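> Listed below, chain by chain, are the residues.
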Amino acid sequence: MRNRGAGLSGRRFIAAVLAATLVPALVLAHHSFAMFDRERTQMLSGTVREFQWTNPHAWIQVVVTDDTGAMHEWSIECGSPNMMARQGWKSRTLKPGDKVALMMHPMLDGSPSGSLVSVTLADGRVLGPGGAPAPKTGNAPPPK
Amino acid sequence: MMAPDSRANAINRVRRMAERLAAGAALAILPLCVSAAAQTAPTVDFSGIWLGIGDGTELAYRNSPYPRPAPFTERGRELAQYWADPKNNLGARCLPGGGPAGMMNGSNFFPIEIIQRPEQVTILFELMQQVRRVFTDGREHPVPDDLEQSWMGHSVGHWDGDTLVVDTIGVRAGPLNGSGAAVIKRDTDADPRMPYTATLHVTERMRLLEDGDVLEVELTIDDPTVYTRPFNVKRYWQRSPDTPMIEYICTENQRPQDEGYGHLLEE
Numbered sequence: 001m002r003n004r005g006a007g008l009s010g011r012r013f014i015a016a017v018l019a020a021t022l023v024p025a026l027v028l029a030h031h032s033f034a035m036f037d038r039e040r041t042q043m044l045s046g047t048v049r050e051f052q053w054t055n056p057h058a059w060i061q062v063v064v065t066d067d068t069g070a071m072h073e074w075s076i077e078c079g080s081p082n083m084m085a086r087q088g089w090k091s092r093t094l095k096p097g098d099k100v101a102l103m104m105h106p107m108l109d110g111s112p113s114g115s116l117v118s119v120t121l122a123d124g125r126v127l128g129p130g131g132a133p134a135p136k137t138g139n140a141p142p143p144k
Numbered sequence: 001m002m003a004p005d006s007r008a009n010a011i012n013r014v015r016r017m018a019e020r021l022a023a024g025a026a027l028a029i030l031p032l033c034v035s036a037a038a039q040t041a042p043t044v045d046f047s048g049i050w051l052g053i054g055d056g057t058e059l060a061y062r063n064s065p066y067p068r069p070a071p072f073t074e075r076g077r078e079l080a081q082y083w084a085d086p087k088n089n090l091g092a093r094c095l096p097g098g099g100p101a102g103m104m105n106g107s108n109f110f111p112i113e114i115i116q117r118p119e120q121v122t123i124l125f126e127l128m129q130q131v132r133r134v135f136t137d138g139r140e141h142p143v144p145d146d147l148e149q150s151w152m153g154h155s156v157g158h159w160d161g162d163t164l165v166v167d168t169i170g171v172r173a174g175p176l177n178g179s180g181a182a183v184i185k186r187d188t189d190a191d192p193r194m195p196y197t198a199t200l201h202v203t204e205r206m207r208l209l210e211d212g213d214v215l216e217v218e219l220t221i222d223d224p225t226v227y228t229r230p231f232n233v234k235r236y237w238q239r240s241p242d243t244p245m246i247e248y249i250c251t252e253n254q255r256p257q258d259e260g261y262g263h264l265l266e267e
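As you go down the protein sequences, you meet chains A and B in turn. Note that the numbering used here gives residue 129 to position 129 of the first sequence, counting from 1, and the numbers run on in steps of one. Note that the numbering used here gives residue 124 to position 124 of the second sequence, counting from 1, and the numbers run on in steps of one.
Keep in mind the hints are simulated off the structure, nothing from the lab. Since the structure is predicted, the reported quantities are computational estimates derived from the model, not experimental observations. Be a bit skeptical, because a hint or two may be false.
[To be verified] Distance ranges between label pairs, derived from CB positions:
| # | chain 1 | residue 1 | chain 2 | residue 2 | range |
| --- | --- | --- | --- | --- | --- |
| 1 | B | Glu58 | A | Arg92 | 46 to 54 Å |
| 2 | A | Arg40 | B | Val131 | 35 to 43 Å |
| 3 | A | Arg40 | B | Asn253 | 23 to 31 Å |
| 4 | A | Gln42 | B | Leu124 | 51 to 59 Å |
| 5 | B | Glu58 | A | Asp37 | 33 to 41 Å |
| 6 | B | Leu95 | A | Arg92 | 24 to 32 Å |
| 7 | B | Arg117 | A | Gly97 | 47 to 55 Å |
[As the list claims (entries may be wrong)] Take a look, some chain B residues computed to stay more than 12 Å from chain A by CB distance:
| # | residue |
| --- | --- |
| 8 | Gly91 |
| 9 | Leu127 |
| 10 | Met128 |
Ideal Cβ placement from N, Cα and C applies to all residues, glycine included.
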C-alpha cells in the first residue's frame, strides 16, 4: 500500500511558514517539552492515522511517506485539549485519512516525534498547539 | 479579634440574659447579638470564573516578577537546581504544582472558578481539577503535630473590610514557577526555579478592582529554608464569566516521552 503524504501547495506552504513564524510563545506547558529541539522547526506532510484528544496533551499520529516510498509513523505532541478547544480545535478536527501539513519541533534524539507548532488542515485552516483564550467578559473596563 | 472561647461565653451570657426576658423579646435580641460577635460580612463577591491576565490584555495590570537576583539561601540554590531538572518535573507525572501555586502563576491558560460563601471560599482550578478551600469560619490552622503536608496546604481566611486575607501553611514542596520547559523557547526559561518547602508560609491579600472585573492577589512568600527574606508578588485575574470550565483528567494519555526523560530511562 502506498500512502502518499499530502504535498504543500504554494499558498498553504506560505500559510504554514507564516504560522510557524508568527505563532508566539503561547504554550506555557506545565509539562516538560525538554526532549524537543525548540531551536529547529521542521515541516511534515502526511496522512492522519489517529488523533488522540486526551490529557495531559493531545497527539496526532501521522503517516509520512519518504522519497523511497517507505512509510513512517510520527507522533506529534500538541497542547492540552482545553487550551486547544479555546483556539478552535475540536476532537473531530482531525480524522483518520485526513491529509495534513504541519510544522513541528523535532525530538533531540532523532526519533520520529515532534511538538506541534502549527498544522494546516485540508480546508486550509491553520491551527496552533493551543494557547491562552481571550477573556470573555461583558463589561471589561476601557484600556488605560 | 475575640477568641472563640470568649465569644462562646459572651453568647452564653446573652442567652442567659435573654431567658429572663419575655420569649418574644428574646427571639428578637439573640440573632442581633450573635451577628455582632461574628466577622463583618464583605460587601463584595469573588464568585465567578476568572482568567489570569496575560501580556495580550488591554488592562494596565501585569503580574510582578520574582525578585532578581533571587534571595536564595544555600539550600534554596540547591533546590532551584533540583526543580530545573526536567526529570523532577511534577506536571509530567500529573502531580499538581503545589498549593497556592495556581494563584502564584496567575495562569491565563486555565481558568479558575471561585465560590464565595460566608464560611468558606472555594477555588476550583480547571488545571488538573484541583480544589482549594479557604476556611473563613473562624477556625485556626492545625497545631504542628496535627498538620499534614498537602498539595494545597491548609488555608484560613478572614475579611479585612472587602479584602480577603488568606494564611496558608502545610504545602508540599515544589517550585512556585513550575518545573517544565515550554514548547517554544521563552525569555523566562533561563530564570531560576523558585522553590518552596515545608516551612513555606504564604499570606495572600485578595481584593476586587475595576468595579469587580479584576481580582488582585498580593502574595507574601516567606520560606526561611529557601529565602533569606520574605518577598511580595502581585497576580491579577480578569473576570471571564463566559469562559467554560472544561474537564481535565491528567492521566488519560501519559506517554513515557511526555515525562521528558524517556530516552534516559532506556539507557
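> Within 51 to 59 Å or not, the Cβ separation of Gln42 (chain A) and Leu124 (chain B)?
This hint is violated: roughly 39 Å between Cβ atoms.
> Between Glu58 (chain B) and Asp37 (chain A), does the C-beta distance stay in 33 to 41 Å?
35 Å, holds
> Could you see if the CB distance from Glu58 (chain B) to Arg92 (chain A) stays within 46 to 54 Å?
33 Å, violated
> Compute the least Cβ-Cβ separation between Met128 (chain B) and chain A, then decide whether it is above 12 Å.
8 Å, violated
> Verify the CB-CB distance for Arg117 (chain B) and Gly97 (chain A) against the hinted window 47 to 55 Å.
51 Å, holds
> Does the beta carbon distance between Arg40 (chain A) and Val131 (chain B) stay inside 35 to 43 Å, or does it fall outside?
Distance hint for Arg40 (chain A), Val131 (chain B) holds at roughly 40 Å.
> With respect to the beta-carbon atoms only, verify the hint that Leu95 (chain B) and Arg92 (chain A) lie 24 to 32 Å apart.
31 Å, holds
> 23 to 31 Å was suggested as the range; check whether the CB atoms of Arg40 (chain A) and Asn253 (chain B) agree with it.
25 Å, holds
> Since Gly91 (chain B) was said not to touch the interface, does its Cβ keep a gap of more than 12 Å from each Cβ of chain A?
4 Å, violated
> Classify the label on Leu127 (chain B) as holds or violated, using whether its beta-carbon is more than 12 Å from each beta-carbon of chain A.
Nearest chain A Cβ is 7 Å from Leu127 (chain B), so the label is violated.
Consistency with the previously given hints fails for numbers 1, 4, 8, 9 and 10, ordered from lowest to highest.
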